[in-house]
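Residue numbers (the working numbering), protein chains in the order written: chain A, 1 to 293; chain B, 1 to 285.
It is possible that some hints are incorrect.
Chain A stretches covered by chain B per the calculated footprint, using a threshold of three residues with CB under 8 angstroms from any CB of chain B [said to hold, decoys possible]: (1) 50-62; (2) 109-115.
Under the rule of at most 20 angstroms between Cα atoms (straight-line distance), these lysine-lysine pairs were calculated in the PhoX-like manner [as the list claims (entries may be wrong)]: (3) K185/A / K101/A; (4) K115/B / K8/A; (5) K115/B / K285/A.
These are computed hints drawn from the structure, not numbers from a lab.
Beta carbons: idealized from backbone N, C-alpha and C, even for Gly.
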Amino acid sequence: MKNNVIFKGWWLPLLLVAPQLIISAIFFFYPSGQAIWNSLFLPDPFGLKTEYVGLDNFTFLLSDSYYRASFLTTAIFSISVSVFSMGLGLYLAVLADRLIKGAGVYQTLLIWPYAVAPAIAGILWMFMFNGRIGLISWYLGLLGYDWNHALNSGEAMSLVVVASTWGRVSYNFLFFLAGLQAIPKSIIEAAAIDGANFWKRFRSIIFPLLSPISFFLLVVNIVYSFFETFGVIDIITAGGPEQSTTTLVYKIYADGFIGQDLGSSAAQSVILLVLVGLLTVFQFKYIERKVHY
Amino acid sequence: MIEKKKSGYWLSHLGLCLGVLFIFFPVWLAFVGSTVTQDDILQPPYPVLPGPHFFENYSSALFQGGPDGYDTGQISVLKMLINSTIMALGITIGKIIISLLSAFAFVYFRFPGRKTFFWIIFLTLMLPIEVRIVPTYQVAANLGLLNSYTGLIFPLIASATATFLFRQFFLTIPSEMVEAARIDGATPMQFFKDILIPISKTNIAALFVILFVYGFNQYLWPLLITTTPDMQTIVMGIKFMIPTGDDYGHWPTIFSTAMLAMLPPVIIVISMQKFFVKGLLESDK
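Chain A on its own, in the form it takes in the complex:
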């Protein structure tokens, strides 16, 4: 912090940071500590007492095939949502950037799904494929394809990916459009004069210039798919069928609240905590380079 002009006194600033510190302590640090503590204990089936089991919860988890499968599920889900929403966002942003007029209108028409809750997005897509009333599942039925995402795990995964992608395109579109508009037009014009066609310009100039923002978006989208998509999964599949759409976050909820397996749920929280911590450090390292000039 380079700012040299400061006010004197120490009790006023402490008073000013107190609200944030107190709320963080009660709802953030204490529960996080609690999660670490609980992960070392195993409550008996009647919930009367808990027994210290050391790292047993962790070793049990890592040998549990369902838990290991949820890592893979999370990876498939997050990467699919990130890649599809970024691809579509970039595609639309490139098209909007080429227009001289009307880019603003398309921006308005494309960004509002950002404001739609993931749970509501889940409802919108779930009912189109609902076995009883769905429009798309009905037409698929006419074509001889029997869609049933309640039984078919591949269909369940595709549906949660599409619904999450739908809500995420607008975010990526906005960032890519801002990135494209920041590229000096003179560079692109110079390449055009040298005879580079659109694809060549895109490959050799635009895409390299967009790579920092693409990298940033990839990390942000993966973190987003980890956490914010809980509503989509809960509404469309509730983690099923056979846990095929149970992501790490969904499993913490399912084991902790539905299964009442607090020790395991706490151990899962700790594992996810470490995972997200690493992702954030990774992200922040990058941000620091970019913002703190």
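Following the hints, complete the assembly by docking chain B onto the known chain A.
For chain B alone, kept in the frame of chain A given last:
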């Protein structure tokens, strides 16, 4: 103008229109579903053009939580909307206030523990509530916060993004401004109130849009912390309307509720688009 070919220009429009179609299609179907009767929906194929039952469906959802003679066990959607709005505004205003205060302290004061506190707040960036959901629920339950607005709002205020955003902005304010205020004999709080807040107005507006959307669309936390119907928010309350198993549910009510659940945050984003774009591009960097 680089692209001289007309065809490229029209292809851009065509591609964008396809994108817009993909974005609008599911919402259009939900809107259609909110204007027809239950029978229209249950007899396939699903209708693609709106019917005449708009007012009937919306007013029964808003004021009764469903049509006459259909016991949903739910509160009215209006009450859910009110709950959601209170929660969203509480989270938004709460976050803005605590982060303005602490960012002010971090930038304009040197006090014992400043570095430590800064890192403590930075740590909260890392963990969304979904990760520590079970112990946070236990804390809220022990404090008697289940089924209360306090319980809906406060655990979601603990996050550092807004603090960092304001800190970044305050650091760009020229020090001459603070110097001038000090020479004029302004106390720290006068400087905060009369100078800092007014010049932060656009940043506050930008953050308001982002945080309102975040707060309004909360799903998991309200789902856990509300056990009585009258505290349900619209985004999670709709879950209980969806039929499970052989149940039929009342689809026009579900669709009207889904449309109403989208309306407030979408209106805020569209009407404050300029601030929204600014807030989004800056807050996530």
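Here's how the hints hold up against the structure:
Beta-carbon proximity to chain B at under 8 angstroms applies to 0 residues in the segment 50-62 of chain A; the threshold of 3 is not reached and the given coverage is violated. Look at the segment 109-115 of chain A against chain B: 7 of its residues bring a Cβ nearer than 8 angstroms to a Cβ of that chain, three or more, so the hint holds. For a cut-off of 20 angstroms, the pair hint linking K185/A to K101/A stands: about 16 angstroms separates their Cα positions. Between the alpha carbons of K115/B and K8/A the distance comes to roughly 17 angstroms, so the proposed pair stays at or under 20 angstroms and holds.
With a C-alpha separation of about 19 angstroms, the suggested pairing of K115/B with K285/A holds against the 20 angstroms cut-off.
The earlier numbered hint that this structure contradicts is number 1, and it is the only one.
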